[in-house]
Amino acid sequence: MLSMLFDPQSTSMDRLQFWFYRIGGYLLLNVMDEPAWLALMFC
Numbered sequence: 003m004l005s006m007l008f009d010p011q012s013t014s015m016d017r018l019q020f021w022f023y024r025i026g027g028y029l030l031l032n033v034m035d036e037p038a039w040l041a042l043m044f045c
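Per the working numbering, the very first residue in the sequence shown carries number 3; after that it's consecutive.
Hints were generated in silico from the structure; no laboratory data involved. One thing to keep in mind: the hints can contain errors.
Computed beta-carbon distance windows for the label pairs [claimed, not checked]:
1) 45 - 13: 26 to 34 Å
2) 38 - 11: 37 to 45 Å
3) 11 - 37: 41 to 49 Å
4) 39 - 18: 38 to 46 Å
5) 38 - 14: 17 to 25 Å
Backbone N, C-alpha and C fix where the C-beta goes; we use that ideal spot for every residue, glycine too.
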């Protein structure tokens, strides 16, 4: 998937989708897994 960034035929939508998944994965792993955020969401 990283090679898509350097592919001359990849569209801007492909790059946008790539960064959307990267940021979403980061948020899911590092923000949603935080106990303080979980306590705020479920209280």
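Quiz item: Honestly, do residue 45 and residue 13 meet the 26 to 34 Å range at C-beta?
Solution: violated, 43 Å
Exercise. Return holds or violated for the Cβ distance of residue 39 and residue 18 against the range 38 to 46 Å.
Key: About 26 Å separates the Cβ atoms of residue 39 and residue 18, which means 38 to 46 Å is violated.
Quiz item: Do the Cβ positions of residue 38 and residue 11 conform to the proposed distance bound of 37 to 45 Å?
Solution: holds, 44 Å
Quiz item: Lying within 41 to 49 Å: is that true of the beta-carbon distance residue 11 to residue 37?
Solution: holds, 44 Å
Quiz item: That 17 to 25 Å hint for residue 38 and residue 14 (C-beta), does it hold up?
Solution: At roughly 36 Å between Cβ atoms, residue 14 and residue 38 fall outside 17 to 25 Å, so the hint is violated.
Of the numbered hints listed earlier, those contradicted by the structure are 1, 4, 5.
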